[in-house]
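Top to bottom, those sequences are chains A and B.
If you're matching positions, the first sequence starts at 1 in this note's numbering and goes up one per residue.
If you're matching positions, the second sequence starts at 1 in this note's numbering and goes up one per residue.
Any given hint might turn out to be false.
[Stated by the list, open to error] Subject to a maximum C-alpha distance of 20 Å in a straight line, what follows is the list of computed SDA-like cross-link-like pairs (lysine to any residue):
(1) B:85 x A:199
(2) B:261 x A:142
(3) A:13 x B:196
(4) B:85 x A:187
(5) B:421 x B:366
(6) B:196 x A:54
(7) B:196 x A:67
(8) A:181 x B:25
(9) B:261 x A:179
(10) B:196 x A:53
(11) A:21 x A:179
(12) B:196 x A:61
(13) B:344 x A:94
(14) A:106 x A:119
(15) B:421 x B:397
(16) B:196 x A:42
(17) A:21 x B:86
(18) A:21 x B:210
(19) A:181 x B:45
(20) B:196 x A:41
(21) A:181 x B:152
(22) A:181 x B:151
(23) B:25 x B:8
[Unchecked claim] In silico contact screen, one side only, chain B against chain A (beta carbon under 10 Å); selected entries:
(24) 142
(25) 173
(26) 314
If you're looking for bench data, these hints aren't it; they were derived computationally from the structure.
A virtual CB, placed ideally from N, CA and C, is assigned to each residue, including glycine.
One letter stands for each residue in the lines below.
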Amino acid sequence: MSRLNEANVILAKEIIGRYPKARSATIPLLHLSQQQNGYITSEAMVHIGELVGATSAEILGTATFYEMFKFEPVGKYLVNICGTMSCQLLGADELMHHAEARLGVKAGGTTADGLFTLEHAECQAACTEAPNMQVNYRHCHRMTTAAFDQLIDDLAAGRLDGEIPPHGTLARVRQQIPADKAAGVASLDAPAQPAWMPAPEATS
Amino acid sequence: MSTYTWAAGYVDDGDRPQIVTSRFKYDDGYTLERYHATGGYDGLRAALARTPAEVHDEVKAATVLGRGGAGFPAGTKWGLMPPGKFPRFLVVNGDESEPGTYKDRLLMERDPHQLIEGCLIASYAAGLAQVFLYIRGEMPLAHERVATALNEAYAAGYIGRNILGSQFSVDIVLHWGAGAYVVGEETALIESLEGKRGEPRLKPPFFPAAIGLYGQPTIVNNVETLSNLPWLAVNGAEAYTAIGTATSPGTRMVAVSGHVKRPGVYEIINGTTTFRDLLYGDEFCQGIRDDNELKAFVPGGGSAPWFTPDQLDLPFESKLVGAAGSMLGSGAVMVMDHTTDIPKAALTLVHFYAAESCGQCTPCREGGTWLERIMQRLADGRGSHDDLDQLFEIGQAICPGVFPHAASERVGLEAKPFPFKMTTICFVGPSAYTAVHSAVTLFRDEFEAKIVERRRIPVSIEAVGAH
Chain A
1 MSRLNEANVI LAKEIIGRYP KARSATIPLL HLSQQQNGYI TSEAMVHIGE
51 LVGATSAEIL GTATFYEMFK FEPVGKYLVN ICGTMSCQLL GADELMHHAE
101 ARLGVKAGGT TADGLFTLEH AECQAACTEA PNMQVNYRHC HRMTTAAFDQ
151 LIDDLAAGRL DGEIPPHGTL ARVRQQIPAD KAAGVASLDA PAQPAWMPAP
201 EATS
Chain B
1 MSTYTWAAGY VDDGDRPQIV TSRFKYDDGY TLERYHATGG YDGLRAALAR
51 TPAEVHDEVK AATVLGRGGA GFPAGTKWGL MPPGKFPRFL VVNGDESEPG
101 TYKDRLLMER DPHQLIEGCL IASYAAGLAQ VFLYIRGEMP LAHERVATAL
151 NEAYAAGYIG RNILGSQFSV DIVLHWGAGA YVVGEETALI ESLEGKRGEP
201 RLKPPFFPAA IGLYGQPTIV NNVETLSNLP WLAVNGAEAY TAIGTATSPG
251 TRMVAVSGHV KRPGVYEIIN GTTTFRDLLY GDEFCQGIRD DNELKAFVPG
301 GGSAPWFTPD QLDLPFESKL VGAAGSMLGS GAVMVMDHTT DIPKAALTLV
351 HFYAAESCGQ CTPCREGGTW LERIMQRLAD GRGSHDDLDQ LFEIGQAICP
401 GVFPHAASER VGLEAKPFPF KMTTICFVGP SAYTAVHSAV TLFRDEFEAK
451 IVERRRIPVS IEAVGAH
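Could you build the full structure based on these sequences and the hints that come with them?
Here you go:
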């Protein structure tokens with residue numbers, strides 16, 4: 001059940017086809033799998049291993065290195081509060097305390113209704129807009145405790161469904177490389193001088 | 001709250017040259033339509049009208065410094081690839097996650113076509129067969145904007161086979177990260193792109209330009225570095241070097257955050273703008289919040305040794321900043337006013353690097369964690385005087401010898417210049433120590449004030465018996 005479904009296998013093969021070596025598609029395929037199931041299952045890692053030509057242990061090794069991959073179900077909304085310097089200087093600790101009180105869980109926990117998982121996060125590249133947080137990796141800038149409460153109310157009531165998809169879905173736009181326009185994957189087996197470069201290349 | 005569409009954080013004020021942020025003023029700066037209306041893809045056309053060697057020479061002549069942190073000139077980097085070895089790859093480093101750094105995300109969200117055009121110009125000049133655009137996982141909006149722009153550019157014939165009817169062909173593949181700071185290190189980025197754990201490779205002897213992705217020559221360039229190329233291709237090296245100084249030409253994007261009146265991302269003139277201009281200037285941050293006193297600032301991202309008001313008049317020039325004991329890094333200034341709890345502020349950075357250690361090198365994996373634990377108890381008021389010495393001892397195991405720091409009149413210190421020696425493969429380990437070293441060296445009194453002496457309670461048996 002947790003293997004990639006038929007439509008996603010087609011997509012996975014298309015993604016694999018963009019790289020000189022299939023294993024490069026590991027992380028994109030893990031994201032695809034997380035989008036399908038909400039988290040990464042053992043069966044999914046076995047399946048991805050089959051698709052990219054790696055053992056499931058190798059896929060597990062890669063997957064567990066990266067913060068964004070979850071190995072058990074998380075809430076529909078992953079709430080990440082940044083605690084790195086710029087945010088801490090402008091009230092991240094207070095925001096986190098408020099969030100824990102409001103959601104009734106400690107950082108790392110999931111609410112009983114399965115809607116929210118609260119996490120402490122590291123720098124989110126929005127330092128001028130501190131304190132900052134993300135919901136399913138969508139940035140929320142210059143947060144206040146009042147804005148946090150409003151955000152949680154809006155999410156719970158479904159008012160932000162159009163803006164913030166459920167956890168697992170990152171981008172809603174995918175790259176398409178049309179076959180008739182593609183330059184093609186660089187060949188590692190038959191290396192060729194690029195057509196536009198003068199041959200032999202001048203040594204400098 | 002709402003997710004934003006505008007370039008939150010970017011401040012368009014003052015009359016400075018804009019090389020990479022010229023389209024940030026438009027609400028729709030990310031669309032192909034706006035890009036076309038504002039000279040978009042003219043740089044690519046100008047490049048294609050010349051030979052690859054001519055374009056490469058122009059980039060060399062302009063001395064476009066890498067904007068990722070190390071500041072290595074892009075044109076020189078491209079020239080390090082072994083002649084005649086193909087295929088060659090371009091890996092775009094869009095894994096922005098250095099504490100305090102906020103510029104590449106803006107460039108990807110606000111002007112993705114500019115980045116794409118930069119990738120194309122680099123590929124043409126250096127003979128690169130394929131581009132992998134690696135975007136940090138926690139940036140879905142950047143991903144969506146870049147994906148849309150790539151789709152538009154393919155349809156318009158700017159990417160792919162026989163670009164604009166020329167012999168030049170290249171594909172750009174959008175790739176996702178999944179949350180790991182260390183992947184911003186170029187060899188870790190390559191490992192990650194090969195589907196592995198993002199553990200940096202040992203270098204020297206082999207740098208990615210010689211042996212990189214799949215063992216092939218690979219150029220890893222930062223998003224901002226590449227975003228400079230379209231402007232350069234249209235306006236030429238002479239116009240580029242006319243801005244800034246000879247050793248630091250052009251502009252650079254700097255994010256100023258923390259205790260200033262107007263935190264923001266500014267495109268500043270390289271080499272001449274001083275930290276005082278930036279923190280107090282009307283067109284920049286306009287001073288410290290509530291007119292408080294400045295206590296300290298981090299001049300170049302979480303990995304940079306700290307400065308104090310003593311260094312305010314230094315310009316954004318890497319050699320001068322290096323001699324003063326720090327680095328410009330990734331263009332990130334974090335400002336602390338006099339109300340700041342220094343041990344606590346430093347703790348956030350130690351925590352960051354300890355959490356982000358990939359675990360490969362013992363001094364970083366173990367040392368980072370020890371530093372964090374000791375800093376935690378010092379910040380909590382549970383530390384001892386021995387802890388302060390212990391911090392330096394652990395630091396010696398990560399960075400043996402003299403560690404760089406700024407001069408300080410207040411505590412009577414002379415500057416020790418950048419850089420340092422290190423026992424780890426990459427800079428994550430030393431970076432964990434940097435904030436500790438700066439904070440304890442420049443503000444030892446604040447740590448000591450938090451130390452509670454644990455003395456034996458002076459009571460006698462008789463006194464106990466009396467109750």
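The hints, checked one at a time:
1. With a C-alpha separation of about 12 Å, the suggested pair residue 85 (chain B) and residue 199 (chain A) falls inside the 20 Å cut-off, and the hint holds.
2. Between the alpha carbons of residue 261 (chain B) and residue 142 (chain A) the distance comes to roughly 14 Å, so the proposed pair stays at or under 20 Å and holds.
3. The straight-line distance between the Cα atoms of residue 13 (chain A) and residue 196 (chain B) is roughly 19 Å, inside the 20 Å bound, and the hint therefore holds.
4. Between residue 85 (chain B) and residue 187 (chain A) the CA atoms are separated by roughly 13 Å; this keeps the pair inside 20 Å, and the hint holds.
5. As the CA atoms of residue 421 (chain B) and residue 366 (chain B) are separated by approximately 18 Å, the hinted pair is consistent with the 20 Å bound.
6. Pair hint residue 196 (chain B) plus residue 54 (chain A) holds up; C-alpha atoms about 10 Å apart against a cutoff of 20 Å.
7. At roughly 14 Å between alpha-carbon atoms, residue 196 (chain B) and residue 67 (chain A) fall within 20 Å of each other, so this suggested pair holds.
8. Of the pairs offered as hints, the one joining residue 181 (chain A) and residue 25 (chain B) is violated, with about 32 Å between alpha carbons and a cut-off of 20 Å exceeded.
9. A distance of roughly 52 Å separates the Cα atoms of residue 261 (chain B) and residue 179 (chain A); the hinted pair therefore is violated under the 20 Å criterion.
10. Among the hinted pairs, residue 196 (chain B) with residue 53 (chain A) is consistent with the structure: their alpha-carbon atoms are about 13 Å apart, no more than 20 Å.
11. For the hint linking residue 21 (chain A) to residue 179 (chain A), the alpha-carbon distance of about 19 Å falls within 20 Å, and the restraint holds.
12. At roughly 8 Å between alpha-carbon atoms, residue 196 (chain B) and residue 61 (chain A) fall within 20 Å of each other, so this suggested pair holds.
13. Under the criterion of a C-alpha separation no larger than 20 Å, the hint pairing residue 344 (chain B) with residue 94 (chain A) is consistent with the structure, at around 14 Å.
14. Under the criterion of a C-alpha separation no larger than 20 Å, the hint pairing residue 106 (chain A) with residue 119 (chain A) is consistent with the structure, at around 8 Å.
15. Of the supplied pair hints, the one linking residue 421 (chain B) and residue 397 (chain B) holds, its CA atoms being roughly 10 Å apart against a limit of 20 Å.
16. The straight-line distance between the Cα atoms of residue 196 (chain B) and residue 42 (chain A) is roughly 18 Å, inside the 20 Å bound, and the hint therefore holds.
17. Distance restraint check for residue 21 (chain A) and residue 86 (chain B): the Cα-Cα separation of roughly 16 Å lies within the 20 Å cut-off, and the hinted pair is therefore satisfied.
18. At roughly 19 Å between alpha-carbon atoms, residue 21 (chain A) and residue 210 (chain B) fall within 20 Å of each other, so this suggested pair holds.
19. Between the alpha carbons of residue 181 (chain A) and residue 45 (chain B) the distance comes to roughly 19 Å, so the proposed pair stays at or under 20 Å and holds.
20. Of the pairs offered as hints, the one joining residue 196 (chain B) and residue 41 (chain A) holds, with about 18 Å between alpha carbons and a cut-off of 20 Å not exceeded.
21. With a CA separation close to 12 Å, the supplied pair residue 181 (chain A) and residue 152 (chain B) stays within the 20 Å bound.
22. Only pairs whose Cα atoms come within 20 Å are accepted, and residue 181 (chain A) paired with residue 151 (chain B) is accepted, the gap being roughly 11 Å.
23. Distance hint between residue 25 (chain B) and residue 8 (chain B) is fulfilled; the C-alpha atoms sit about 11 Å from each other, no more than 20 Å.
24. At a threshold of 10 Å, the smallest CB-CB gap from residue 142 (chain B) to chain A is about 9 Å, leaving the interface hint in force.
25. The beta carbon of residue 173 (chain B) comes within 5 Å of a beta carbon in chain A, closer than 10 Å, and the hint placing it at the interface holds.
26. Interface restraint check: residue 314 (chain B) against chain A, minimum CB-CB distance 21 Å, threshold 10 Å, status violated.
Hint violations for this structure: numbers 8, 9 and 26, all remaining hints satisfied.
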